[in-house]
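Colleague: Listed here are the chains, written in short residue letters.
Protein chains: 4
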Amino acid sequence: MTTARFAQIAPQLEGQAIELPSWAFGNSGTRFKVFGSPGAPRTIEEKIADAATVHRLTGLAPSVALHIPWDLVDDYAGLRSYAAEQGVALGTVNSNTFQDDDYKLGGLTHVDAKIRQKAIDHHLECLEVMAATGSRDLKIWLADGSNYPGQADLRGRQDRLADSLATIYERLVELGPERRLVLEYKFFEPAFYHTDVPDWGTSYAQVVALGDQATVCLDTGHHAPGTNIEFVVMQLLRLGRLGSFDFNSRFYADDDLIVGSADPFQLFRILFEVIRGGGYGPANPDGHSDVAFMLDQCHNVEDKIPGQIRSVLNVQEMTARALLVDRDALAAAQEAGDVLGAHEVFMDAYQTDVRADLAAWREERGLPAYPMKAYAESGYQQQIEAARVGGTQLSWT
Amino acid sequence: MTTARFAQIAPQLEGQAIELPSWAFGNSGTRFKVFGSPGAPRTIEEKIADAATVHRLTGLAPSVALHIPWDLVDDYAGLRSYAAEQGVALGTVNSNTFQDDDYKLGGLTHVDAKIRQKAIDHHLECLEVMAATGSRDLKIWLADGSNYPGQADLRGRQDRLADSLATIYERLVELGPERRLVLEYKFFEPAFYHTDVPDWGTSYAQVVALGDQATVCLDTGHHAPGTNIEFVVMQLLRLGRLGSFDFNSRFYADDDLIVGSADPFQLFRILFEVIRGGGYGPANPDGHSDVAFMLDQCHNVEDKIPGQIRSVLNVQEMTARALLVDRDALAAAQEAGDVLGAHEVFMDAYQTDVRADLAAWREERGLPAYPMKAYAESGYQQQIEAARVGGTQLSWT
Amino acid sequence: MTTARFAQIAPQLEGQAIELPSWAFGNSGTRFKVFGSPGAPRTIEEKIADAATVHRLTGLAPSVALHIPWDLVDDYAGLRSYAAEQGVALGTVNSNTFQDDDYKLGGLTHVDAKIRQKAIDHHLECLEVMAATGSRDLKIWLADGSNYPGQADLRGRQDRLADSLATIYERLVELGPERRLVLEYKFFEPAFYHTDVPDWGTSYAQVVALGDQATVCLDTGHHAPGTNIEFVVMQLLRLGRLGSFDFNSRFYADDDLIVGSADPFQLFRILFEVIRGGGYGPANPDGHSDVAFMLDQCHNVEDKIPGQIRSVLNVQEMTARALLVDRDALAAAQEAGDVLGAHEVFMDAYQTDVRADLAAWREERGLPAYPMKAYAESGYQQQIEAARVGGTQLSWT
Amino acid sequence: MTTARFAQIAPQLEGQAIELPSWAFGNSGTRFKVFGSPGAPRTIEEKIADAATVHRLTGLAPSVALHIPWDLVDDYAGLRSYAAEQGVALGTVNSNTFQDDDYKLGGLTHVDAKIRQKAIDHHLECLEVMAATGSRDLKIWLADGSNYPGQADLRGRQDRLADSLATIYERLVELGPERRLVLEYKFFEPAFYHTDVPDWGTSYAQVVALGDQATVCLDTGHHAPGTNIEFVVMQLLRLGRLGSFDFNSRFYADDDLIVGSADPFQLFRILFEVIRGGGYGPANPDGHSDVAFMLDQCHNVEDKIPGQIRSVLNVQEMTARALLVDRDALAAAQEAGDVLGAHEVFMDAYQTDVRADLAAWREERGLPAYPMKAYAESGYQQQIEAARVGGTQLSWT
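Protein chains in written order, with full-length UniProt numbering: chain A, 1 to 397; chain B, 1 to 397; chain C, 1 to 397; chain D, 1 to 397.
Treat each hint with caution, since some may be false.
No copy labels: a pair is met if it fits in one copy or bridges any two.
To be verified - In silico BS3-like pairs for lysine-lysine, Cα to Cα no more than 27 Å straight-line:
id, residue 1, residue 2
1, K104, K33
2, K114, K104
3, K373, K104
4, K114, K33
5, K118, K33
6, K33, K373
7, K114, K373
8, K118, K104
9, K373, K118
These aren't lab readings, by the way, just hints derived from the structure by calculation.
Keep in mind it's a predicted model, so treat the numbers as computed, not measured.
Chain A with its partners taken away, still in its complex shape (with noise of 0.2 Å):
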C-alpha cells in the first residue's frame, strides 16, 4: 500500500539539493574540547572530495558551501574545477566576522566606523569570491551582540547595521539578478545578552529594506525554546521572503545536531509547511527551488562523512513523509472543523514507513540502497585515515 503511495509522490524527490558546508567535514566541538578525528580534512579540496562521496552515494547533495576565510584560496576558478571534478558545484558563499580580534565587540554594527567598513570589506571580498564560483548567496550570520545591559546601544546598532548592510547589498545587485543575500537570525551565542538579529522579525525587516533581492535564512537551531518553527516558515514563505534554510537539530540551544535526530515530526512538520507554501521543487534555471536546503552542523561526537549521510537522508525520508500527507482528505477535515479527523490524516503520513521504498527508488537510480552501509563498505574512511597524515586537521579555527 505504501508502495502505490510512494510511487504517486516518487517524481517530486527528483532533483531534491540538500548543500552540504565544508565546515561539517572538519573537526568541531564546544567551548570545552575540540575532538579530533582521524582523516579530518586539511585542505579545502579534502573538505570538496569528502562532500562528493556523500553526493556519489545519495544523489542528495551536488554542491557545497564555502566559508571564508576558512576556505580561502588563490584560485577560485582552479577550486571550481576541482569540485566540478569531484562531481559537485561550489554553493553558497559565508561570511565570517567572528573570528578577528577586531570583532570582540561587533562587525557590521561596531561603533567604529574603521572596524565597520573592515566588515563590509570583507563582504565586499566575498562578493568577490561569488563572481569567481558562481555561487547564487552571500549567507550573513552575525555573531553581532552585547553581553552586560548597558553595554551596547541597541538601537544604534540596528540603525548601523542597515546601513553596512546597505552598502553590501549594492555591490551584491550589481554581481545579476539572480544572486541573493540572505540574512540568518539567531537566538543567542555567541552574544548572551543581546543578539543584534535575535528573530525572524528582525531579519525580516532589514532584508526588506533593502530590496528584492535580500531574503532570510531560517536556521532550525536558531530560536528560543517553544518557538513553532513551522510557522515561522509559513510566514516567511507568505512574505517571500524565505531564502534558504540552515538544517539541523538540537535538544536545548544550538547544539547542531544531525537534522532530524532530535525531534522527527517537527522536521516533518516544517517540511510540510514548506510544500504547502510552495517553497519546494524546481523552480530556478538550474532546477532547484529558489529555497535553498542547506545543512549547517556539527558532529562533535559522530564521524563526519556518515554525519552527512545520515542527515541527507532524513531530510529526504521527512521530504516524502511530507509528500504523502493526503492534502485533499486534510482540507476537507480542516474545514469539517474535525480536528481529530484533520490531526489523524496528517499522523498517517508521518506514521508511514518510507525506508524500503527509497531503498528501491536509489537501486533504479543507480544509486546504493542503503548509503549509510554503502559508505561503511565503501573503504573511503580507511582510505582517508591512511593518506591524510601529516598536516594540520582543519577546524573552525
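Please build the complex by placing chains B, C and D on the supplied structure of chain A, with the hints as guidance.
Modeller: For chains B, C and D alone, coordinates are given in the frame of chain A:
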C-alpha cells in the same frame, strides 16, 4: 545626591499615564479555580469607581480600558459622563472573540465565512463603542490558533486574518486619523500548538499591510522564554509601529502578575529602551505619548485595588530610574568600548532608590506620599465590602 | 519483515493497561473558556460508561481513576459494581485541595493549622473511598505555591508538607501493604512564582522520608522546557520510586494534549526507558506492572471519547515500537562507542510502522482492528448526544 | 534611615568570603572565538597574583580555587606558600575529565573500564593535591553525557557513576572528616541530548548514597529555563546537602556572566534563602560557613580583574540587602495571609541602595571605598600588561 539628580528628571515624570484594565477589578484566576474576593465589583460603574480610586491616590491612572462584551452597556455617553465625574476617562476598547461557542476553532481566522463575519461584526461594534466613548485605540488580541498539528491550515488562517483585519481597519480609518488599530501578539495560550499571531514579527507584518493607523501591542508576558523584550521594544520603535504596552510580569508563562514583581531589572531595561527610542513623553494632543502604557494583569491571590496601585507605582519608580541613566556617560563608555564602564553607568541608575524622592514629589502635588498606605487607611476597601452585597461579582466569564 | 519482528514482541503487549481519568470525559478548557460538548456526561456513572466504551474498543483501558470530590458518591460499593458491570474497575483515587476558598494560599502546606487539618482530613476521606473501591493508589497533586517573592516562607511550607504527608501516609499504611501514596510534581501552575512540589527531586525527597509505600508520579507535561524526561524515568526507576505516569503531551506548558501528539519520539524514548528499567510488564497480583500508566489529559477542542481512544492507541503503538528495539545490537554498538550505529539501531525501531500489525493483533483478540473507525461507526456518540439531555454537564468546577 | 538599619546588619558582613576561580583570569570565550587580552597570566602564580589583587581591594576573596590539570605544578607546598605571601589561600580543587581524547564519550561513566579507571585515578591525584594544599573541597563537574538518543545506556552510566564516585569518596574520607566531595550538576552542555548529572535531584541522590562528606554544588547558571533556583537552595539546605555555590549569571544558557548582572533580584532571592536556611555565616573552624561561596565565571569580552571585583561586590551588595529584610515583619505578614504586605516587606529590602553604606564600611576597615575605581587608579593593569610579555597566555585549553 539622589535628590539633586532626581530634581533634574522630575519634570519628565509629569503627565505619565498608565491605563487600567476594567477587568483587573473583577475576580480572576486560573483554569483550576477563580477565587472570589469581598467587595469585587458587580457593574462596570463599580469597576470605574475602583479605577478612579487608584488614580486619586497615585495621579498615574487617568483612564480605564473597556472589554467588550464584558463592559457592554446601553448608554456609552452616560458611562463616559460617569467616568468623568469619577475623574477618569474611558480608554482603549478591547474586543473579545474567545468566549462564544462559535469561536471554538477561531474567529477572524475561522475557516467558515459566517463565523469570520460574526467576528468582524463584533469588531465593528467595538468601533461604534469607540465612537461613543471617544476612545482612540481598538486593541485586538486573538485567541485563535490550534492544538494539534494538522488541525488547521496555518497559511490559510494567516491570509484570512489579513482579510478580516483589512475590513475592520477600513471602518476604523473612517472614524478619523487619530484612531488606531493595535494588534497584540501572544506566544501561546489558549491555543497550544500554534497561535495565529504568536510574535512581534507576525503582528508587525500584519499591521504594515493595513496602513499607518495600525500598530503593535507589546504585552510583556507574551514571549518565549529568554526573549530579550527590550530589543523588541527598540525594534518596534525604530520601525514606527509600537502602539502600546500591556504591562504585567511573569516567571514562566503568561502569569499576569504585578508588573515589575518578577524581574524588576527587566522592567527597567524596557523603560530605558522606550525612553531611548522616543516612546516616552508628551506627544499627542492630549499630552500623552503615542506609545500607550496599559496594565493587563489579573490579581488571582492578592487584593485587586492595592494590586493596581502597586503596579502603577512600579512603573513610575522604574521610569524614574530609567530617566536617571546618565546618557552622556553611557554613550561615552559605549563608544570607548568600555564594557564594564558602560554597564556600571547603566546599573548605577538601576540601583538608585528613588522611593523617598517620589514620595516627596507626590506630596508636592497634593497626592499621598505613600499610596499603598493611604489606600489601607482610606476605608475604601471596608466601604465597598459593606456596600457591594448581593448581585453577581464580575469575572472574566 | 516487520511482521516477524512484531510476532516476537507481541506477547509483551498482552495485559497492557492504561488507566483513564474520569474527568477526561467532562468538559474542560482554559482560563479563557470551557467549551461545552454534546453528550458530555452529567454523572460519574456516565463518565464510567464512556470510559468502558474506550476499553471495549481497545482492550487497553481496564480501569478509571476517580477525582474526589468531583466523583463523590454516597455508595462506592455500588459504584464499584456498576463499573464492573460495564467491564472496568475503579482505579486511582485523586485528591483535590485546590477548589475550596480555604485553599487560596495552600492546603497541606498552609500556614494555618486549621486549614492544613482540613486538607489532611480530605485525604483521609480519600483513603476511605479507596477502602470502599479497592483502589491501590492515592495520588496527590498539590496546587500549593505562591505568586510573589516574599509571599510565603518556602522552607516552612516544605516542612509542613512533610508533616501533613506523614499523617496521611500513616493512615494509608494501615489499609495494607499494597496501598501506595503517589506524589505528583509540577513545574508551575496554578502557582506562578513557586510551587511546593515543583520537580522530581522534591517529590523523591518527600516520599523517601515517608516510607516504602510512597512513590513519585511523573506527569509528562510537568517539566521545565528542555528537560530530558526519559532521564528522570531512568533515575526514578533506578531509585525504586517511580509509582506512576500521568501521560499527556504538550508543546509549551501543561497543555494536557493527547499523549504522543506533540512529540511522538519523546514518548518512544520514555517508553523505551520504562522497559529498559524494568517498569513495564506483569508484576503485581492483578497482572499489571508496579508502574501505573494513566492518562491525565483534557480534550478542550476535540471530541472526548475519540480523544481517549487515540491516546491509549498512541501509548500502545509507541510501546510496540519501543519493544522492537534490538537491545543486543544496541548494547553492542554502545559498547563499541559507535555513536551513529547505536543511534541507528534505536531509530530503526522508532521508524517502524506498527499499525498494520497492531490491527491484526487486535482482530485476533476480538477487538476492532481500527478502534477510531469502530467508534465512529458504533453510534455511541449519537446515542449519548440524544440521551444526555438536561441536567448539568460535568466539568472541573 | 538606611544607615541605621545597615549598622544593625553590618556585623554579619564580617568574614564573608567568596572564592575566586584561577581560570577567571585566563583567556576564555565561546566555541566561536577566544579573544586574547593584554596582561593575561601565563602561570598559576600570575593567576594567584591577580586573585590576590581582588582580595586586597575588596577584602572578600581570601582564597583561589585550582583546576587540575590547568593549575598543575610540581610543588604544591611551594604554591601554597606563594599564595600565602600574596595574602590568599588555595581553596577548592576542581577536577577535569573533559579535555583528553579518551573522554570523548565519558569519564567516570565511560563504558570502558580502563577509561573509567583513568578518570578515577585523575580524581585520586586531585586528592593528593588537596592533601598538599590543605584544600577542603574536591569539586567534581562532569561533562559526561551523550548527543543522540540511543548513543548511550542512561541507566548503565548512572550505575557506573555511582561506583566511580564511591571509589573516590572512600579515599577522600581517609584524608579526614573535614574534607568534602562536592558534586556539581548541569542542565546541558557540552553534552546535548543527555547529561549524566543534569539536575539537583540526581546530584542529591548520588551524594546521599556516598555518605555525609558528600554534598551538592549549585551553579546558578546550570538550570532549565524558568527554574526557581532559590527553591532548590531551600531544599538542599533543608536536606543538609548544599555544599557550595558556583556563582555566575546568565540570560539563556550557561553564559558565565558576572553574578548579579542578568537578574539581580534573583541573586537577592537566592541569598535571602541561604540566610533563611542557615547557610550563611561563621560555622566551620576557619570562620566561614559550611556553604562555600565561589565564582565560576568567564569574562569573554570584559576585563578580567575588574570583572572579578564587580562580581564579589555584587554578591556583597545583595547579601547586605538580603540581610536587611525585616524577618519579623515578613513572618507576620506571611502568617496573616497578607500577600501584598509580605511581598512589600521583601521588596523594601531589595530596593534599598546599600552602596554608600558599604563604601563607608570598607573605609572603616582600611579598604578602598570604591574598589572598581581603586583598581582603575592602581596602575596594576598597566603593570601586568607591561610585564607579562612573551610566554603563552593561559586559557582553558
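Colleague: Given identical chains, is K118 near K104, meaning Cα to Cα at most 27 Å, within a copy, between copies, both, or neither?
Modeller: within (13 Å within a copy, 38 Å between copies)
Colleague: Is it within, between, both, or neither for K373 and K118, if the alpha carbons may be no more than 27 Å apart?
Modeller: neither (47 Å within a copy, 34 Å between copies)
Colleague: Could you figure out if K118 and K33 sit no more than 27 Å apart (CA to CA) within one copy, between two copies, both or neither?
Modeller: between (30 Å within a copy, 18 Å between copies)
Colleague: With 27 Å as the alpha-carbon cut-off, assign the pair K114 and K33 to within, between, both or neither.
Modeller: Between copies, since 21 Å is at most 27 Å while 34 Å is not.
Colleague: At 27 Å max between alpha carbons, let me know whether K114 reaches K373 within a copy, between copies, both or neither.
Modeller: Neither: 52 Å inside a copy, 30 Å across copies.
Colleague: Using 27 Å as the alpha-carbon threshold, which applies to K33 and K373: within, between, both, or neither?
Modeller: The answer is neither: 30 Å in one copy and 37 Å across copies each exceed 27 Å.
Colleague: Classify it for me, K104 with K33: is the Cα-Cα distance of at most 27 Å met within a copy, between copies, both or neither?
Modeller: This pair counts as both: shortest intra-copy Cα distance 21 Å, inter-copy 9 Å.
Colleague: Between K114 and K104, at a C-alpha cutoff of 27 Å, which is it: within one copy, between copies, both, or neither?
Modeller: Within. Shortest intra-copy distance 14 Å satisfies the 27 Å Cα cut-off; inter-copy 42 Å does not.
Colleague: When no copy is named, should K373 and K104 be tagged within, between, both, or neither for a Cα gap of at most 27 Å?
Modeller: This pair counts as between: shortest inter-copy Cα distance 24 Å, intra-copy 44 Å.
Checked against the numbered hints given earlier, the structure breaks hints 6, 7 and 9 and satisfies all the rest.
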